[in-house]
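First to last, the sequence lines map onto chains A and B. Numbering-wise, UniProt numbering puts 311 at position 311 of the first sequence, and it's gapless, one number per residue. Numbering-wise, UniProt numbering puts 222 at position 222 of the second sequence, and it's gapless, one number per residue.
Hints in this document: simulated from the structure, not taken from any laboratory. Just to be clear, a hint being listed does not mean it is correct.
Copies of one chain are not kept apart here, so a pair can be met inside one copy or by any two copies together.
To be verified - Cut-off 30 Å, straight-line C-alpha distance, at most; resulting in silico cross-link-like pairs (DSS-like, lysine-lysine): (1) Lys-252 <-> Lys-338; (2) Lys-196 <-> Lys-285; (3) Lys-2 <-> Lys-229; (4) Lys-306 <-> Lys-397.
Protein chains: 2
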Amino acid sequence: MKYSFVSHLFCPKCEKTYDTKEQHQLCSCGSPLLVDYHWDQIKENLKREDLLTREPSLWRYHELLPVEDSNNVVSLGEGMTPLISMPTLGKDMSVENLFMKDEGLVPTGTFKARGAAVGVSKAKEIGVKELAMPTNGNAGAAWALYAARAGINSTIVMPVDAPVITRNEVASSGAKLYLVNGLISDAGKIVAKAVKDNNLYDASTLKEPYRIEGKKTMGLEIAEQMGWKMPDVILYPTGGGVGLIGIYKALKELKSLGWVEGKLPRLVAVQASNCAPIVKAWEEKKTESEFWQDSSTLAFGINVPKALGDFLVLDAIYQTDGCAIAIDDQSMVEEQEKISRLEGAFICPEGASTFVAIRRLRESGWIKEGETVVALNTGAGIKYPDTVKVEVPMLEKEASIYEDHKDLVK
Amino acid sequence: MKYSFVSHLFCPKCEKTYDTKEQHQLCSCGSPLLVDYHWDQIKENLKREDLLTREPSLWRYHELLPVEDSNNVVSLGEGMTPLISMPTLGKDMSVENLFMKDEGLVPTGTFKARGAAVGVSKAKEIGVKELAMPTNGNAGAAWALYAARAGINSTIVMPVDAPVITRNEVASSGAKLYLVNGLISDAGKIVAKAVKDNNLYDASTLKEPYRIEGKKTMGLEIAEQMGWKMPDVILYPTGGGVGLIGIYKALKELKSLGWVEGKLPRLVAVQASNCAPIVKAWEEKKTESEFWQDSSTLAFGINVPKALGDFLVLDAIYQTDGCAIAIDDQSMVEEQEKISRLEGAFICPEGASTFVAIRRLRESGWIKEGETVVALNTGAGIKYPDTVKVEVPMLEKEASIYEDHKDLVK
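With these hints in hand, go ahead and build the complete structure from the sequences.
The following block contains the structure:
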């Protein structure tokens, strides 16, 4: 049987199509391209039950992924992350059925590994030898490492303020790494020029069509892990928004296969108060966002002033009766600590922002009593060492700890 | 059907037995206690094939774990980590069949989550309200977070030199955290006193019997993931050695169930050159180790000058015709970078030490041509931000990158 039922690339704006055997970036009209599949053949050859005994990685869905030869799969075991029940936190915010999809449990510690695994595998399949990309850190780390495994050279440009740990990951992979004294949008301009000057494969967000396919596996997994019953609401911390676009694509694909039924979950884009272009566009009922001036947030992964796929994110929100909401940094950090204390999960501030959003949306009544809610935690808290401030008592050897010292310590 | 077929605790030194329904620490003779099961009942009620459709977490082996009521399971989705093929690195060291079990892909980013998940779950089952433990960082982070999820209070004491990120994890869990101006052995003394003075549950390595059961799931998973064919050699970075003890216990249990056949894999304890008490004991053919004076290594997790379970580690090595080997810090760091460049896996220095060991043991002929070798990577490289030193060129906005700049950058 065929490993993949991929058929072609298509433009969601002008409907032009492209061949998946060739290297393509954006459509000639400037829009990102999406991947389509032979749905009739998938229906004929694959049943939900076939998945039951497959390996717990995103490659369990290989028929619905673009890599045609399994020998081109570049994997470090990514995917099938846990969907964790959050009963104590849920009680605290009056959301009885609260779940977290924990994307901290993947190679490189963030969900970026999904896009990198599928994107790099397909790049290998179509003969890419050298790629380049701008990054806020985590995507660059993932792509550089998967590219190293694939034997593909990479050039990565990141803002000087991006987390140092991601700098180390990129450097250790042997990639060519540059810092830029600016934002990811500045890094993007430098990469665009480098791509043109040196004829590189542009792996920038949505400038290659396959990263979305990796991200869509989050949606496939949520559906499978919930026993093919869709939740009422899915929240996603939104920078470039590829994960949300991917989840929406996945759910539509599952519906067309007849594997899930009924109304799609309401999709919620969660952004940072000081970088909320999607929220602003949604509030103004627009179909595209505007560049957000002087953006800043400690949730570095969602500091994206203007996303190339903004129109796809907004479409996903409108089509599912979802919404967009902005959360301030202070609330994220407070929620992050609450999640640790109540559920033992040390997550990233981006992930924490989705839980603040749930709290607010439940208070406002937008999330109703008894609804099932899934929050995406996009990365491990350990990638953000500076978000927790601690003062710890220091003991000398042979010291004693008594219970009545309790109040001295955090 | 019963969730667990646990029968009792027993002492591997004096053979005294204890009830698993009560709280026990060490045997009255001072030895750690081990857990035993009703093997005949397991044989009757569970087949290897039953596992095929179970969730990808260590709880898939619940019949072989000590928690009797599934309601007591405290899980963050730990276990069933990937067993990754390392073909390029393998070629580089003439080991054709080289695999890495990647324990970076668990909550808290290290294999310590396994011991914490099972240990805390059982602690909850037997009514523990407050626990205490010394730690080099990662174990404390895992136990504090799982305890938080279980609603159990914890007191954690760690050396001031332990990784700061683990300090933040513990603090964010709401645990009582203390630093000590000394080594883990000094932290251990303080905890022993605190346990006695305040009547706490002692969760120190091997002072409670259930952590091993969590760690043994690494052995169960390796066997299952290799299709129930055992590898020739398994290497493990050894500090307290619980993982190695656990893997040995798992493989013996699988053999008694008839799920695996033939000779057990040769187990290799890998230590740091400046903290190698097990290696010294093995070289001197002793059954116990001596306290290692002035130990130091950047692989903080294996800086354990004297392990309580040293005799069990040495027994596992002797019984399987294994060996023990010490690796210097510089070689670990070099291997860590090589693994990143060749395989795209950014692992911790402890994990890297096992690959250096494979290289050396293959050179010496101890590992033979064609043998299948599994290395345990015990944690994610992102928990050790300081092991990679990078110098990165800084660009101004609007800068250009040309290929001929290649030689300027790493």
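Outcome of the hint check:
| no. | hint | verdict |
| --- | --- | --- |
| 1 | Lys-252 <-> Lys-338 | neither (34 Å within a copy, 42 Å between copies) |
| 2 | Lys-196 <-> Lys-285 | neither (36 Å within a copy, 64 Å between copies) |
| 3 | Lys-2 <-> Lys-229 | both (28 Å within a copy, 29 Å between copies) |
| 4 | Lys-306 <-> Lys-397 | between (54 Å within a copy, 17 Å between copies) |
Hint compliance for this structure: hints 1 and 2 are not met, and every other hint is.
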